[in-house]
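Novice: Those protein sequences? They're chains A and B, same order as listed. Residue numbers for the first sequence follow our numbering, beginning at 262 and rising by one. Residue numbers for the second sequence follow our numbering, beginning at 14 and rising by one.
Some hints here could point you the wrong way.
To give a feel for the contact side, a few chain B residues facing chain A, derived at Cβ under 7 Å [what the hints assert, rightly or not]: (1) 76; (2) 87; (3) 93; (4) 188; (5) 263; (6) 279; (7) 298.
No lab work stands behind these hints, which were simulated from the structure alone. A virtual CB, placed ideally from N, CA and C, is assigned to each residue, including glycine.
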Amino acid sequence: MAKESKTPLLDQLEEGPWPSFVKEIKRAAQKKDSAKDLLGQLERSYNDRIGHWKHGGIVGVKGYGGGVIGRYSDLPEEFPAIAEFHTFRVNMPSAWFYTTDKLRKLCDVWDKHGSGLTNMHGATGDIILLGAPTEELQACFDDLSDIGFDLGGSGSDMRTPSCCVGPARCEFACIDTLNLLREVTLEFQDELHRPMFPYKSKIKISGCANDCVAAVARSDISVIGTWRDSIQVDDAEVANYANSGLDIQSEVADLCPTGCMKWDAEAKKLTIDNGECNRCMHCINVMCKALRPGKEKGATILVGGKAPIVRGALLSWVLVPFMKMDPPYTEFKDLVRRIWEWWDENGKMRERLGELINRLGMRTFLEAVGLPPVPQMVSMPRANPYYFWDPEEVK
Amino acid sequence: MMAARTDFGPPDYKEMLPPVIVKNYGQWKYHEQVKPGVLKHVAESGDELYTVRVGSGRLVSTDWIRDVCQIADQFCDGHLRFTSRHNLEFLISDKKQVEPLIAHLKAQGYPIGGTGHAISNPVHTQGWIHCHTPATDASGIVKSVMDDLFEYFADSKLPAYCRISLACCLNMCGAVHCSDIAILGIHRKPPKINHEVVRAKCEIPNVIAACPTGAIRPDPKEKSLTVNEEKCMYCGNCYTMCPGMPLADPVGDGVSIWVGGKISSARTPPKFSRLVIPYLPNNPPRWPEVTSAVRNIVETWAAHAHKHERMGEWIDRIGWERFFSLTGIPFTMQLIDDYTLASETYRSTPAFKW
Ligand code: HEM
Ligand code: HEM
Ligand code: SF4
Ligand code: SF4
Ligand code: SF4
Ligand code: SF4
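Can you make the complete structure from the sequences, with help from the hints?
Specialist: Put into structure tokens, the structure is as follows:
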């Protein structure tokens, strides 16, 4: 008496070694009609090859301008339980560490008010709670705040900043990414929760040039840890690597982009011309027992990174080659304020920082934030003769 | 009941960290990959921390979260973390618990891997599950691609690591534009204007300003808008601003493939992914055209790259013309840039390969 499945297409995605989101929706559907209707509507999309969500809709909770995103089905008669299916963005703890106690409390709140479905996590880093009706929003937020979870960003505000695992578990970390993230998040609560900028603004923090949170590609203000003195070398461990079969010449020295390493295979001695090293991390990645970042640590601040919308994708550009990053991070916070002030004043609607710098010119931007030009900012100087002088300079 | 509060911020990470991390915070000395999916970090103090990394589907139920909490209680004193690519990490300070945890995870069907020279969990977006602008689904393609490439997640046998990401439209919530392989949903038909909705719901000057190619003009007769279809490249900016201009279309929509992007500065600077396949059809539930295209690219790279050479570094060495001849991917007109500053991508030297 097996009942015929209503979701033959999605059922095929329950097979295979990779975790199945269809199984997860089905699990939630045992408790929640909204998850059941989500599955039904998704099967419809798999048949029609088109989405079935309506455009936008503004919802929210008291005291906040962002953090909850409206979502309405365009098939509400067929799938009434997801007629309203709004999203919460919930600010995650630094580097996504949790106690099980904290997570269980979160699950209890979400089972009470929403679909029981989540993203752990969204691309920006928030805990995404997928799907609650309008009438549950305020009560859900109240319960979230009782267990110590605040909302993340959405709309034209500072989006939830994120950071890599950093000093919590990575020997490469040149800055305390977790603490800096917390300080920045707390400092800019108003900017996070009440959209008032021309568009979104993102801050992401990586402890070294491996950039595990992709700060350079996805954040308007990218903080990337680095050092200024010499790589620390443990000669005995270098020799151990060589003895255990690592080909230091071909896997390390030959791949050094600056050619600043010399490997003496006979003496088993690695020499680095640190003045020429650009701190790319390759050698340290391969030989982390023997090589470590220097001792004088800080961060490079880059600006302008973004995904394509509106005018095209950008990678962040170096703004401050080296900044010390010690609590309470006053220099960094002040810089962020100066950048936002200029952008807020000059940016058009939906113009990200990088696009504004492109439109008004890096020169204008540097003058506005009060930073001197240095060669570390460019990969090469201009090749065209179309440049400006301040009349003051021509006397 | 507590009074309503605002602006108190996220939970304090210091209360979330396991004791071994609190003790050795900032004092880690080195790490090694014990085996695929298992890392060992050693602190100056001599303390050891084992990490077992597990792939997740990212879209998970509260029951799944409770399950993994149960495992973390049993083996990790109630602590766990997630990675920047939606993986789950179990953190263990007692070496004796590592193998029992792995055995337990395997028995329950959790995939262990994603470390070292592997394909980690694809960053991805909402798709048909929860967004109004998608040109394709997100979770379904990721599931299909990872089922197909599972061996490269579970093992660590590639020349370097390979980051696959997916975004279901050009808004790119997954910010996939610097991935070794990016899978990107695209539309191929201009917006279908619904004048009634435009009049009722849209700020006409804002919609006009939203178009990067200046394709949108006012339509005074209709008190609405028109689109110069020759100028439209289907980016969807207008639809984001105005619900009266939907682009989604079962025939027009599909998937594009981009390769060679990179985030880390190791060896070579970060770079964008480049378009290599302008369109593959939406073929749910398993998108066979997409999975085989991705596998072909991964395996061609794996067969030809030097050790430590990321996809984009390999292509820089051999040249794009060789990439196309080795993969057998046809080179089409869409691959030649004609947007702003396009000419930077044109070649100005007669030194090239056949
Ligand atoms: C209803 C449609 C949309 C849905 C359901 C959606 C969903 C999401 C989600 C869940 C995230 C992760 C957020 C987090 O972790 O806090 C995200 C991030 C993002 N979204 Fe959207 N989004 C939508 C529309 C848009 C639009 C219209 C744009 C651009 C104009 C956009 C661009 C982005 C970008 C660039 C990111 C961040 C990526 C990153 O930081 O890596 N999204 N989106
Ligand atoms: C051997 C050297 C490396 C070590 C020790 C290392 C360490 C780590 C750690 C601790 C994480 C988890 C971070 C988090 O989620 O907050 C991570 C994830 C990641 N790392 Fe690295 N990293 C190394 C090399 C690199 C390089 C060269 C890149 C270049 C792009 C990179 C990119 C990433 C990315 C994209 C993730 C997310 C991976 C995932 O969630 O599965 N890493 N890495
Ligand atoms: S960005 Fe650097 S410091 Fe941060 S986790 Fe990655 S490798 Fe470690
Ligand atoms: S960090 Fe990079 S540039 Fe510096 S020595 Fe190592 S490989 Fe060379
Ligand atoms: S990438 Fe596009 S379609 Fe996908 S979730 Fe983001 S806005 Fe929606
Ligand atoms: S889809 Fe993009 S290019 Fe086409 S009209 Fe809309 S904004 Fe302009």
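Novice: Does each hint hold? Answer for all of them.
Specialist: Hint check:
1. 76: Since chain A brings a Cβ to about 5 Å from residue 76 of chain B, closer than 7 Å, the hint holds.
2. 87: 10 Å, violated
3. 93: Given a least distance of 6 Å, the restraint on residue 93 of chain B holds.
4. 188: Interface hint status for residue 188 of chain B: holds (4 Å vs cutoff 7 Å).
5. 263: 4 Å, holds
6. 279: 4 Å, holds
7. 298: Constraint on residue 298 of chain B satisfied, holds at 4 Å.
Going through the hint list in order, the structure does not satisfy hint 2, though it satisfies all others.
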